[in-house]
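Given chain A, work out where chain B should sit, using these hints.
For the protein sequence lines, the chains are A and B, in the order given. The opening residue of the first sequence carries number 0 in numbering that gives the first Met the number 0; numbering runs sequentially from there. The opening residue of the second sequence carries number 0 in numbering that gives the first Met the number 0; numbering runs sequentially from there.
Quick caveat, the hints were computed from the structure, so don't treat them as lab data. You may find that some hints are simply not true.
Sample of chain A residues at the chain B side, in silico, Cβ under 10 Å [what the hints assert, rightly or not]: (1) D25; (2) P106; (3) S110; (4) A113; (5) E292.
Even for Gly, the Cβ is constructed at its ideal location relative to N, Cα and C.
What follows is the residue order along each chain.
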Amino acid sequence: MTATPSETGPAGRVVVLAGGLSHERDVSLRSGRRLAEAMRSHGIEVEQRDVDAGLLPALAAQPPACVIPVLHGESGEDGAIREVLELLDLPYVGSRPAACRVAFDKPVAKSVVARAGVATPDSVALPHEIFRELGATAVMEALVRRLGLPLMVKPARGGSALGASVVHDAAALPGAMVSAFAYGPVALVERFVTGVEVAVGVLDDGEEPWALPAVGIEPDGGFYDYTARYTAGSTRFSVPAKLDDDVARACAEAAVTAHTALGLRDLSRTDLIIDDAGTVWFLEVNSAPGMTETSTVPLAAQAAGLDLGEVCGRLVRRAIARCAPADPPA
Amino acid sequence: MVDRPTLGHVTRDVQPGSSTRLDHYVDRYAARTRGMTASEIRALFSVASRPEVVSLAGGMPNISGLPLDVVGDAIGDLVQEQGTVAMQYGSGQGVPELREQICSVMALEGIEAHPDDVVVTVGSQQAVDLVTRIFCDPGDVVICEAPSYVGALGVFRAYECDIVHAEMDADGLVPEALRQAILATKAAGKTIKFLYTIPNYHNPAGVSMSAERRPEILEICREADILVLEDNPYGLLGFDREPHRALRADEAEGVIYLGSFSKTFAPGFRVGWALAPHAVREKLVLAQESATLCPPQFSQMAVSSYLARHDWQGQIKQFREMYRERRDAMVEALSDLMPAACQWNVPDGGFYVWLTLPPGIDAKLMLPRAVTARVAYVPGTAFFADGFGTSSMRLSYCYPSPERIREGVRRLAGVLEEEMELRETFGTLTDPAPDRRAVPRSDYDSPSTDLT
Numbered sequence: 000m001t002a003t004p005s006e007t008g009p010a011g012r013v014v015v016l017a018g019g020l021s022h023e024r025d026v027s028l029r030s031g032r033r034l035a036e037a038m039r040s041h042g043i044e045v046e047q048r049d050v051d052a053g054l055l056p057a058l059a060a061q062p063p064a065c066v067i068p069v070l071h072g073e074s075g076e077d078g079a080i081r082e083v084l085e086l087l088d089l090p091y092v093g094s095r096p097a098a099c100r101v102a103f104d105k106p107v108a109k110s111v112v113a114r115a116g117v118a119t120p121d122s123v124a125l126p127h128e129i130f131r132e133l134g135a136t137a138v139m140e141a142l143v144r145r146l147g148l149p150l151m152v153k154p155a156r157g158g159s160a161l162g163a164s165v166v167h168d169a170a171a172l173p174g175a176m177v178s179a180f181a182y183g184p185v186a187l188v189e190r191f192v193t194g195v196e197v198a199v200g201v202l203d204d205g206e207e208p209w210a211l212p213a214v215g216i217e218p219d220g221g222f223y224d225y226t227a228r229y230t231a232g233s234t235r236f237s238v239p240a241k242l243d244d245d246v247a248r249a250c251a252e253a254a255v256t257a258h259t260a261l262g263l264r265d266l267s268r269t270d271l272i273i274d275d276a277g278t279v280w281f282l283e284v285n286s287a288p289g290m291t292e293t294s295t296v297p298l299a300a301q302a303a304g305l306d307l308g309e310v311c312g313r314l315v316r317r318a319i320a321r322c323a324p325a326d327p328p329a
Numbered sequence: 000m001v002d003r004p005t006l007g008h009v010t011r012d013v014q015p016g017s018s019t020r021l022d023h024y025v026d027r028y029a030a031r032t033r034g035m036t037a038s039e040i041r042a043l044f045s046v047a048s049r050p051e052v053v054s055l056a057g058g059m060p061n062i063s064g065l066p067l068d069v070v071g072d073a074i075g076d077l078v079q080e081q082g083t084v085a086m087q088y089g090s091g092q093g094v095p096e097l098r099e100q101i102c103s104v105m106a107l108e109g110i111e112a113h114p115d116d117v118v119v120t121v122g123s124q125q126a127v128d129l130v131t132r133i134f135c136d137p138g139d140v141v142i143c144e145a146p147s148y149v150g151a152l153g154v155f156r157a158y159e160c161d162i163v164h165a166e167m168d169a170d171g172l173v174p175e176a177l178r179q180a181i182l183a184t185k186a187a188g189k190t191i192k193f194l195y196t197i198p199n200y201h202n203p204a205g206v207s208m209s210a211e212r213r214p215e216i217l218e219i220c221r222e223a224d225i226l227v228l229e230d231n232p233y234g235l236l237g238f239d240r241e242p243h244r245a246l247r248a249d250e251a252e253g254v255i256y257l258g259s260f261s262k263t264f265a266p267g268f269r270v271g272w273a274l275a276p277h278a279v280r281e282k283l284v285l286a287q288e289s290a291t292l293c294p295p296q297f298s299q300m301a302v303s304s305y306l307a308r309h310d311w312q313g314q315i316k317q318f319r320e321m322y323r324e325r326r327d328a329m330v331e332a333l334s335d336l337m338p339a340a341c342q343w344n345v346p347d348g349g350f351y352v353w354l355t356l357p358p359g360i361d362a363k364l365m366l367p368r369a370v371t372a373r374v375a376y377v378p379g380t381a382f383f384a385d386g387f388g389t390s391s392m393r394l395s396y397c398y399p400s401p402e403r404i405r406e407g408v409r410r411l412a413g414v415l416e417e418e419m420e421l422r423e424t425f426g427t428l429t430d431p432a433p434d435r436r437a438v439p440r441s442d443y444d445s446p447s448t449d450l451t
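Chain B extracted, bound-state conformation:
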């Protein structure tokens, strides 16, 4: 038992202590950790992981249709027959057989590539990291679509890049916006290191770059001597058509192409890749060796075995049909239930709908109300580096069942109506309009890894 101090004398009975920040290293962190803080938004996403909540926030692929018996047999045989190789260190560039298979996958999008130019990475997320690592010094500019993938923005911030956004429309990145971004950046005396683009079934915008626009975008970059980082995790998940022709298919030297098995097979293996011009590839391999020694050998061989044994294209077809059903459920529910002033796109592939709210509604401020109503989404500001996107949100249809999607949209519509009522009460008094308040930001208002 502890001696209990007498009431009123407690502060005299304890050892005088000094002040503490509860983090001994607080003054030693690198500048790039600024913004790595707890946030209300991340706290709210913690609730979104509960089953009571319809999460339209997360981008988790729905892999319930995978043939687990086939995968299980493949992995069992892998251990039995090649276990000592699979569980050993491997090449920094990746398993040769898998790199050959990756070339077959990319051929579906018109890419002719040699396995020597492929570097396997820990998901395409690591490929974004490695490319940024070898190209960007602090203050260098990366041009990104507006909006852009939150995970890539996080990488660019970690390397202290300046992010310049260029507008998109229903046909993807707007060429004139790209020209203007390049001109303005160069006029400001800054160095552009690359354009980061997700041309197919964009995360979060849900749109694809039109076939007509692709040569123009490539030409603009060629003229300005700007490298293109083509991130394409969703390219094979189109609902109504053959895969789009990759930018890389028409420009071998000026494009680094990133691919992933996370959406076409399963994200747990963490296998993605970069296809890069020879000299760049050499540096990526060295960077990969520095980062991980080698990408996980076991995962690569498991993916390779799955590709060799299973009708993986048939599996992707099953995924496409499942996602199409979910897309239909979401779009129908939005049409039926959302207030007229909302706007959204109808994606023809991928996972996401980008929804724009009525003027004056702030999606981030509304999130607590949504969580109370047991529905979650990602506020639009997460996808911008400059504070824009307040009146938008990303809705994912990839994971919940169609019935749950409809229920989620029903809840969201109710939340929005309440918020509109509140804005009607206070709205004319809250100014300036949110999107005109845009300021550079460095926080991380993104879903945690179990939701992305």
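Here chain A stands alone, though its shape is the one from the complex:
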């Protein structure tokens, strides 16, 4: 069913899954196109497919050597599509479903990473029902009392800063809650840490995971929202981030710790903030990091002297090798 595993030879036909029905469909399509191009430039046969009713018959009719899910948001990063790929015994690049489920849920991921010793801003995750049952005013007053201002409010699950906002004034909190709840039933309210925002990719292509150079993020408008993320020119990226060596090392260690503690595989991206005291704060992790023209992982790979297509090829061969009969999946 699958190609012969090889460390150096051609990987065989790779299916890149991109699109889907999540709010991040457009980002996923862009990521998929970028990855597919990068791999084709290395002579890898790539087919890009959407996730729809035609997918499974197509995979059955012509099983690929490997699948790369580049689906962001629901079903892509919550582990669902990977469960199905495992059902089909298809090798795939990326983390296993259980790890994805944990990583995709920001409050759960924060507690796992905090237990592993990485600082993460105080936060509270609440479903919208609790506000109705207890009275929104009382709950929000308690939130502000406990966490202070400013606050970061975002959906507990989801990415690309969709539904996320910074609240500087308690009067703006209700609106921020409504925006977050438009994207999902649970909102994460987090103490906002002022500092240097960095993204650290972790590559797991050898014996142990290692961190790509941290990418510093300075959005023109001060907030790395959807527009700042996907409009070329509206954010300044420093590659590698301008950090002291010890801070850079702490960022790398935090990202690798998050990757390991969450049981992630192959590739992840951890978003961090470094405050004025030099403390590195974990914000969230992505098991299917963006690969668009304005995403940070490709920038970091390039800064590390890596070619995106070559990295993908290596991860594909590892995925195939994992599924080889002599080496059953973990």
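Here is chain B on its own, set in the frame of chain A:
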């Protein structure tokens, strides 16, 4: 293989890089590109293109009833018999035979025109662009209905015009609102270049300017010496009556009339036109030559051949009946399913229903929830240049089947109930009321081209 840096030393093992904005030209773009950015709303419309989603957002005409055999034969013969002409450059003004046929089309709305005064354009969208190009300097004012067509607002912004809205009601543009807009603009020392109006089956408002109001609107503009840009893509798609008499039919010098085959035939040919007073027409032709050299010869000849060979009026009748069935499905579903506090108009032609939500509900903020529920619409703010329209949305009934329309409305009603519940929880705490927060905006929260 790449040498793997040791954990913890990665930043020392790579070449120190400088910062980048990922766009080498970021400091060189014209001011008019401000607002040309990625947006959450546009991202959500990407999901709306999936078949699982009932899209009540797009304004794509439903052309499934077209006689493809007739069109195919016409195009085949065109290539066989006149291929070297059809595939050659042509006149900047457009193919003469087509311009004569366009005059026959406009005659249905009472317009007496000469083909010499017609300029063929790449859809009427390009006609809006060319008219704005020849009339407007940055800062000039265009008066638009409130709400107005999102594609026209985009053009006016691109030419750095100031957009002033004038209120509409069930009879279209309100004369007194137009007077006030003119007075206020002139009092502010600004120059009004034209009134942009969609008098028939308005996009997005769904209403038509009443016959009684048309002379009054023309008189106001005549008195104030304001040119009227009459955009009329839906005029022949009325469900219950003969076509409205065009503004241009009663005012030849003060009106530029724009028409299109996108809704009465097919949008893929991209053939529209402008009918303009002689001197204006001369400038439009020069502007057209500058923009495209000539409108696509092949498309024009294909449309011309279709008009000559086919009962195109009979085809429009079929379109009207199909759209009427869809309108009925939407209005019935809205009556059956939507919360009582919602209001909407019942259009008697065209593609759109304009729906106003209960107080405090923000259609744009609700869109992610709708997309999760697999239904899409266009938030009302897309149709205003000043941030108004938060509590409204445009619903299109033109493309989905009646069954899908009902299903879409069912989903939308569920979404709205959830949102109302959320607003009930937080609503009294979110103020000021959205429509009082209106601010000028420059972003483009419109559906992408495959949905418009």
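Verification of the supplied hints:
For D25(A), the interface hint holds, the least distance from its beta-carbon to any beta-carbon of chain B being 4 Å, beneath 10 Å. A least Cβ separation of about 20 Å between P106(A) and chain B goes past the 10 Å threshold, and the interface hint is therefore violated. Checking S110(A) against chain B: minimum C-beta separation of about 24 Å lies over 10 Å; hint violated. Interface hint status for A113(A): violated, as the beta-carbon distance to the closest one in chain B is roughly 21 Å, over 10 Å.
Checking E292(A) against chain B by beta carbon gives a least distance of about 7 Å; that is within 10 Å, so the hint holds.
Hint compliance for this structure: hints 2, 3 and 4 are not met, and every other hint is.
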